[in-house]
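Engineer: Residue numbers (the working numbering), protein chains in the order written: chain A, 1100 to 1427; chain B, 3 to 148; chain C, 14 to 286; chain D, 3 to 327.
Hints were generated in silico from the structure; no laboratory data involved.
Among the hints, a few may not be true.
[Claimed, not checked] Using 25 Å as the maximum straight-line C-alpha spacing, the simulated DMTMM-like pairs for lysine to aspartate or glutamate come out as follows:
no.: 1; chain 1: C; residue 1: K253; chain 2: A; residue 2: E1315
no.: 2; chain 1: D; residue 1: K244; chain 2: C; residue 2: E277
no.: 3; chain 1: C; residue 1: K155; chain 2: D; residue 2: E228
no.: 4; chain 1: C; residue 1: K258; chain 2: D; residue 2: D34
no.: 5; chain 1: A; residue 1: K1225; chain 2: A; residue 2: E1162
no.: 6; chain 1: B; residue 1: K48; chain 2: C; residue 2: D205
no.: 7; chain 1: C; residue 1: K219; chain 2: C; residue 2: D174
no.: 8; chain 1: C; residue 1: K116; chain 2: A; residue 2: E1315
no.: 9; chain 1: B; residue 1: K48; chain 2: C; residue 2: D181
no.: 10; chain 1: D; residue 1: K29; chain 2: C; residue 2: E173
no.: 11; chain 1: B; residue 1: K107; chain 2: C; residue 2: E277
no.: 12; chain 1: C; residue 1: K286; chain 2: C; residue 2: D263
no.: 13; chain 1: C; residue 1: K45; chain 2: D; residue 2: D34
no.: 14; chain 1: B; residue 1: K127; chain 2: D; residue 2: D34
no.: 15; chain 1: C; residue 1: K45; chain 2: C; residue 2: D205
Keep in mind the model is a prediction, meaning the values are calculated, not measured.
The residues making up each chain are set out below.
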Amino acid sequence: MQSRVMPTLLGLVFLLTGGLVYSDTYQVKKTWFGDPDLQGTWTNSTLTTLERSASFKNLVVSEEQAETAALIASQGNDAYDNYLKQGETPKKGQDVGGYNTAWMDPGTKLLRVGNEYRSSIIISPKNGKLPWDAKKRREYFSKDLRRKFKRTDHPELRGVGERCVVGFGSSGGPPMMNVLYNNNYQIVQSPGYVMIMAEMIHDTRIIRLEGAHLPESMDPWMGDSTGRWEGDTLVVETTNFNWQHVHRAGLRHYFAISKDAKITEIFKRTSNTEILYRFRVDDPNLYKSAWVGEMPLRAQSDKIYEYACHEGNYAMKNILAGARAEEK
Amino acid sequence: MKNTLKIIAISFTLLLGASTYINAHHAFTAEFDPNAPINITGKVIKVEWINPHAWVHVEVKEAGKTTVWMVEGGTPNTLIRNGINKKTITPGTVIVVRGYQSKGKLCLPRCIANGRDVTFPDGSKVFMGSSGTGAPRDGSDPRERR
Amino acid sequence: MSLIYRRFFTILSLVGMLNIAASELPKGPNDKPNLNGVWQVLNTANYNLEAHSASAAMDLVVGPIVPVPHPSILALGAVGAVPAGLSVVEGGTIPYKKDALKKRNENKENWLQLDPEIKCYLPGVPRATYMPYPFQIFHSEKAIFFAYEYAGAVRNIYLEDPGEAPMDSWMGQSWGYWDNDTFVVEASGFNDQTWFDRSGNFHSDKLKVTERFTLLNKHTMGYEATIQDEEVFTKPWTIKMTLYKRIGQDAQLQQFKCVEFVEELLYGKWRAK
Amino acid sequence: MNKSLLILFTVIALVGGLNAEEWTQSKTWFGDPDLQGTWTNASLTNLERPDYYDTLIVSEEEARTTLRMSEEFSESVDNPYEEGESPQAGDNVGGYNVAWMDPGTDLFKLDGEYRSSILTYPEDGKLPRRYIRWGLEAYGMYRMFTVADHPEERSLGERCLVGFGSSGGPPMLNVLYNNNYQIVQSPGYVMILVEMNHDARIIRLESNHNPDNMKPWLGDSVGAWEGNTLVVRTKNHHPQQKFRAGIRHQILVMEGAEITERFTRTDENEILYQFEVDDDKAYKDTWRGEMPLRAADGEIYEYACHEGNYAMANILAGARAEERK
Chain A
1100 MQSRVMPTLL
1110 GLVFLLTGGL
1120 VYSDTYQVKK
1130 TWFGDPDLQG
1140 TWTNSTLTTL
1150 ERSASFKNLV
1160 VSEEQAETAA
1170 LIASQGNDAY
1180 DNYLKQGETP
1190 KKGQDVGGYN
1200 TAWMDPGTKL
1210 LRVGNEYRSS
1220 IIISPKNGKL
1230 PWDAKKRREY
1240 FSKDLRRKFK
1250 RTDHPELRGV
1260 GERCVVGFGS
1270 SGGPPMMNVL
1280 YNNNYQIVQS
1290 PGYVMIMAEM
1300 IHDTRIIRLE
1310 GAHLPESMDP
1320 WMGDSTGRWE
1330 GDTLVVETTN
1340 FNWQHVHRAG
1350 LRHYFAISKD
1360 AKITEIFKRT
1370 SNTEILYRFR
1380 VDDPNLYKSA
1390 WVGEMPLRAQ
1400 SDKIYEYACH
1410 EGNYAMKNIL
1420 AGARAEEK
Chain B
3 MKNTLKIIAI
13 SFTLLLGAST
23 YINAHHAFTA
33 EFDPNAPINI
43 TGKVIKVEWI
53 NPHAWVHVEV
63 KEAGKTTVWM
73 VEGGTPNTLI
83 RNGINKKTIT
93 PGTVIVVRGY
103 QSKGKLCLPR
113 CIANGRDVTF
123 PDGSKVFMGS
133 SGTGAPRDGS
143 DPRERR
Chain C
14 MSLIYRRFFT
24 ILSLVGMLNI
34 AASELPKGPN
44 DKPNLNGVWQ
54 VLNTANYNLE
64 AHSASAAMDL
74 VVGPIVPVPH
84 PSILALGAVG
94 AVPAGLSVVE
104 GGTIPYKKDA
114 LKKRNENKEN
124 WLQLDPEIKC
134 YLPGVPRATY
144 MPYPFQIFHS
154 EKAIFFAYEY
164 AGAVRNIYLE
174 DPGEAPMDSW
184 MGQSWGYWDN
194 DTFVVEASGF
204 NDQTWFDRSG
214 NFHSDKLKVT
224 ERFTLLNKHT
234 MGYEATIQDE
244 EVFTKPWTIK
254 MTLYKRIGQD
264 AQLQQFKCVE
274 FVEELLYGKW
284 RAK
Chain D
3 MNKSLLILFT
13 VIALVGGLNA
23 EEWTQSKTWF
33 GDPDLQGTWT
43 NASLTNLERP
53 DYYDTLIVSE
63 EEARTTLRMS
73 EEFSESVDNP
83 YEEGESPQAG
93 DNVGGYNVAW
103 MDPGTDLFKL
113 DGEYRSSILT
123 YPEDGKLPRR
133 YIRWGLEAYG
143 MYRMFTVADH
153 PEERSLGERC
163 LVGFGSSGGP
173 PMLNVLYNNN
183 YQIVQSPGYV
193 MILVEMNHDA
203 RIIRLESNHN
213 PDNMKPWLGD
223 SVGAWEGNTL
233 VVRTKNHHPQ
243 QKFRAGIRHQ
253 ILVMEGAEIT
263 ERFTRTDENE
273 ILYQFEVDDD
283 KAYKDTWRGE
293 MPLRAADGEI
303 YEYACHEGNY
313 AMANILAGAR
323 AEERK
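Using the sequences and the hints, build the whole thing.
Structural biologist: This is the structure in structure tokens:
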């Protein structure tokens, strides 16, 4: 395995050179005030998951493998969608399940970086797996106040998505991860700022260019991001994470970001319709080494719609009231 | 009907005008009990030079028991204009207070009374301010113009 | 460009952008910058002079997991919550003496009982400047007078040093002079009853405050206040912020005499049953 | 003694008189007539004419009767007890020594003549009360000084909302003490600070009134210059500020009253303050008055009333204590 802490300088070089896969002919356009233009509406929906699933051995997969994966996925959706025959009622004791797949938009194909199909978002460590440090992880989580409660005892014990505080599964990031639906982002830039709005939950990351970090006593839900331009590449550094946003659970991935983590992201426009998004997570509280992931943000013509989550969050009350009812 | 209201109004204005003892900021009659007169002598421990009324805290030792009285005066602003400031009354000076105790005789934290007449033991006024004619100076009398 | 050279440029542009040459500032009496107008800050200094995250309420009690709002203000919900804010204190934190810091933290714990603002008491200095209400400056050659919307507080800035204040007071005694184009105010004679914000930051009656009002352009003014109190702080410390001028229909001070709004709170228990 | 006093007065009158012609109105830095400074309206002349006078203008001789009465009053208030005597049960609790008071030392003079009342119209120096309205309001007024059930029923002075009596006005009248005002002007504004309860009347020049549903304490004042005279019109009076009572005047100002005040500087140390009250609901006729504002030596000191208002708590607690008896 690599040395425990990859020196950040090397890490940064690694982050930047990765782009060689792309042809250099694309000329990045500039905004009205001269910054490289990343603006537009983007999506990161894809079948590829954060960690490599057992069915793939290495990072780059052939086209056929990609097609079979897409086929399996669509068949899976159909099966899920029609698990009941016409007129049949669900049996007791089974997993209650979710809802029809029409509600979902997890993506139809594996992601492609350049012309390579990828089996995982993680590109380092090489095995495409999160480099957990089991001992450190147990120790860090043991200090979490919430461990000694049942998950239905208090509202603060539900996931951040269920509480409608931020999108589940780190949809808004950092790092920004594909989830089951609403994988949509809008980027708008103005002098000194890059703003990334994640549809879920209308969370705007306002990245201050050449800015200084907030004092330690301030810990916004999505951390505090400052950015700078390295040529045409935007490098964003985020610290000051909120201790309640440690678990980043999606249906197809789970990872954790401790409050002392440092995350470096880069955004590199590779064509009119694509941005290469790469991130590096340095979090010695939980992981043996830094880990790096990479995925494209693809242009999409669709609009971002309002995702007012808290205003209609009946689920939270039902969950807690249900638990109380069961205790009686 | 008309003249009854008239009588009420006239009698009311007379009543108000006549009762010269209504202190302007608030009616002392509402706060202090006419049946609880006091005549105490004690050491000043603190003076709260605050509006709307200054409060002189006096420690009174009687028959082995010490009680602290809060004695209500008037607005310190008039005294400032007569040269009095927060150092004028030093803690420890002995004064005589004659007045009435407050209606709520709780004495929590301190017994409360109005300083109807506050003098030094020799009878001279603690709070001087009058310009010799018994009426305090206010710059309106040309003869006083400094 | 070398770092120093680059920094030189940013300062120049900063000064240039913000503070048009003194000669172009609107002129008041004796050719000094015209401070007249209705002014207000746009920051969260009144919540807490130091940096603070947003939080559920000013008065928090222990909750099962995270602190929750005090029962008596819970019903306010998000209206009672506190917005986040950067520190306005130069150097970040206030240099308290050890036991004074303990008292400040106790103040913060008992905000509901102790903050004079809750009882609509006069705000004192410099808090009056950054209350969430505007104030109007009357700048004439004979006096410079501040009228605050909050609780009808006022400050008459004497134009000569009147010497020591005869009595301690809530708004203190102030006198001011011009240091080139900055109006400097020396304030003292305070009692020890006011707070600097809603987070328990306090002072003794030895407090001395030196304020600096510098007109930057037609619509903004730089405000600085250096606070000195040997009894409570290890050294003098300074806060800095910007005052924004209200224009058009907003530039009219309204009345907020909050005494009548707290009669129920202060005297309710003595109502006739 | 009498003769020398007479000469002294004539000299002052002359000087005062001469002074009036020569004095030219000074201007502020932006060109408005300059009314700035610290002023006082302390004087023994009350709003209404006392019964022992029948003319507005009284001789120096007659003026001295008021002076003597005031001295006797001060003497008795200041020395209620003999040497060593203690207060008797059942007496009126009274107030406090005279040093705390500053009602003024003489009737005021205008154009060198003593005045027996601030009121100039109606000629009899009495308020043209509509007794029906006053009768209706009398009960509310009476409760203010006798009942202590709720803070909102006490007088405004006791509640520390505005200065007692009509110290802050309009119209601004002299009360028992702290009769001090400071005027500061800036382009478009005249600000009058009333010492009691540090109320700043911000008069907007050449502006129109706020909407009628906004009824601030001390009313909504707009002003304009007529030559060197500042004319201030005030309406939209606060509904709870109807009754304004001090020892020396009791007036009613209904919400709809229209009050006009005129400030004319007559010399370096004096402003002629005139007012006219149109309040058909409470008075049969308009009433007008005038009095001098004289330059006061000394500054305005803070009158932080609410912050030290132990009295309100004592009054209410006292009443509760008595109910338990």
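Engineer: Enumerate the violated hints, using their earlier numbering and listing them in ascending order.
Structural biologist: Structure breaks hints 12, 14, 15.
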